[in-house]
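Colleague: Heads up: the sequence lines are chains A and B, in that order. Using the working numbering, the letters of the first sequence correspond one by one to residues 1 to 321. Using the working numbering, the letters of the second sequence correspond one by one to residues 1001 to 1316.
Hints are computed from structural coordinates only; laboratory data are not their basis. Hints are not guaranteed to be accurate.
Once the Cα atoms are required to be at most 25 Å apart in a straight line, the calculated SDA-like pairs of lysine to any residue come out as [stated by the list, open to error]:
(1) 1019(B) to 97(A)
(2) 149(A) to 1041(B)
(3) 1092(B) to 132(A)
(4) 1019(B) to 222(A)
(5) 1019(B) to 132(A)
(6) 117(A) to 1009(B)
(7) 1092(B) to 98(A)
(8) 149(A) to 1110(B)
(9) 149(A) to 1014(B)
(10) 149(A) to 1010(B)
(11) 1092(B) to 148(A)
(12) 1092(B) to 92(A)
(13) 122(A) to 1024(B)
(14) 137(A) to 1013(B)
(15) 137(A) to 1094(B)
(16) 117(A) to 1094(B)
(17) 137(A) to 1314(B)
(18) 137(A) to 1010(B)
(19) 1092(B) to 1076(B)
(20) 241(A) to 148(A)
(21) 1092(B) to 47(A)
(22) 137(A) to 1014(B)
(23) 149(A) to 86(A)
(24) 30(A) to 1076(B)
(25) 1092(B) to 99(A)
(26) 149(A) to 1093(B)
(27) 1019(B) to 99(A)
(28) 1092(B) to 48(A)
(29) 117(A) to 1314(B)
(30) 30(A) to 1228(B)
(31) 1019(B) to 143(A)
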Amino acid sequence: MTSIPEYVIETYGLTKVYRSGGGAVVAVDKLDFTVEKSSIFGLLGPNGAGKTTLLMMLTGLTLPTNGSGRVLGYDIVRESREIRRRVGFLPEGFGFYEHLTAEQNLEYIAALNDIPKPERRKRIEDILSLVGLYEVKNRRVSSFSRGMKQRLGIAQALIKDPELLLLDEPTAGLDPEGSRAFKDLVLKLNSEGRTIVLSTHLLFEVGPLCSSIAIMNRGRIVVQGRVKDLISKLMSEVGYKIYVEVRGDLGKLASALTGMEGVRGVRIGVDSLYVDSTRDIRVDIVKIASDMKVEISSIRVEEPSLEDLFIRYYRGEASNA
Amino acid sequence: MPSVYTVASREFSDIIHSKRFIILVAVFSIVFMVGMASIYLTVLSMAQGLGIAMPTGFLGRAASIIASSMSYFAPIVGIALGCDAISGEREKGTLKTILAQPIYRDTFITGKFIAAILAVSIAVSIASLVNVGGSIVILGVTPTSEDIARLALFIVFSILYAISYYGIAILLSTIARRTTQSVIVSVTLWAIFTFAIPIIASLVAYMYRPITGIEIIQRPGGNVTIRRPSPEEMQRIIEQTRARATITEAINSITPNYHFTKIIQYILGFMQGGLNQSLSIYQGLVSAWPNILVLVLVACITLIASYMVFIRQEAR
């Protein structure tokens, strides 16, 4: 039995047009998209693709020009405060009161979230421990490094114990160590059942964490889905790169494969063949090699990477294919 | 729902612990004490030299100096607290962090207003007390109970005056993208209201109502005398002077400064050019109510306007 996915975010024709000085810029254009519960969702795209505007609309900080959306079942226009009560949001370009300590900043955020006073201290300490800032909780934020501020940003998003986290450009400015710590934290939070939306132009930083992605460009979602499904789809569109390690007559096997249906090209290496095919012909290759008494030591399909996926859809090649 | 109190208490704590606030009050107090002493000593020596009697009573001697120093201090406090109230939060990114919480924008801005009103009240009260205390020490005259009542009202209206400038500054801070823009425009506006408008008012009055009939006679040897005008000419000159004053006041009345000066003249019981303690406190309040109303309106309109602008602003 197939389970019906439960969505924490749904948008229908969501549009945002910024008007200024007589001109109009379509930041988000008739967007339909969904985010499954308990997933790590990557909202990928270059700067100016409309990712931040989309997140702002989802949290009610910017009103849509058209369309509608629901976050955790709440309407993004009419019930935005309920959304902000339940969703932890790390906006791009966020800031803290630098003259206050990390703890004092979180104390204020906790008060704004109506967290009862007796609970606050423990929750703040737990979260500071989780993000690795407990030891420096009494230090002023002005003395924090970029990475520490980023972790404090995540802490403020977690203070309300949210089901859903929206993190806009969360790894921007982080050093490799900070970036790794961030990834570990995201995986840990996800393992607790939280849905995490990572909006970034730094594909390689967070892409590998994501179970689902949407690639945005010029206010539109170019492609969306589970990473595994999208890679399969890409392979069916661009073809299969099959790598065959062979012991025996390489040339003979290459000639036999060249004439096969679906094979677009065969390249001969030192002890291997690269077959470019429109379909998965691994079984056929093994059979032909066996008939020709050529020994295959290994055969595998080289899957396209997330980078290939991004480049292809971002450049709009998919629509032309 | 997070209360306005949460925002107001943090904002208030930030303001009164800020270096800007402490420096402003301290510098003003020092400048006032030095200024008061030097002005008083100069006036005293001139009066003794010319054989003119010094005004009597505490307010008679101190009122104009206290009022004039407050007319500079209150707007500066209002501008200093308001000019980065919103734009500063926007620049530091704290506005995004706060608005990402389940808080209505009106709660946020109302909290800021309340905190600013409290902070302005404290700053003006401290400055006034330093003013009055310094005056007692320097002049050696103790205020009467009526003087104290008048000074209490003076503090109340000084707070109102500072809040009207705070309203202007926070409105500019809400509209401006950067704090430097709101600071420049606020200070420029204050300078225009304080210095430029009175000059423009006098020039316009002079252009439209020149005073004629005064004949200056140059005698041999360089002596200059003014011919005594006839009673008819004198009547005309008085009317022209009144008309000029009306034009000047009409133009000046577009500034909060003018209304504050008028209120203080009525409340402290002195008028331009001399002391006029004949008005009781009640009569002073009755005479000053249109000016009080204008300051209340300036504060309310600017605060409501900044509230509306802020509510409608896009977070980007």
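Colleague: Which of the listed hints are broken here?
Modeller: Violated hints: 2, 4, 5, 8, 13, 17, 20, 24, 29, 30; rest satisfied.
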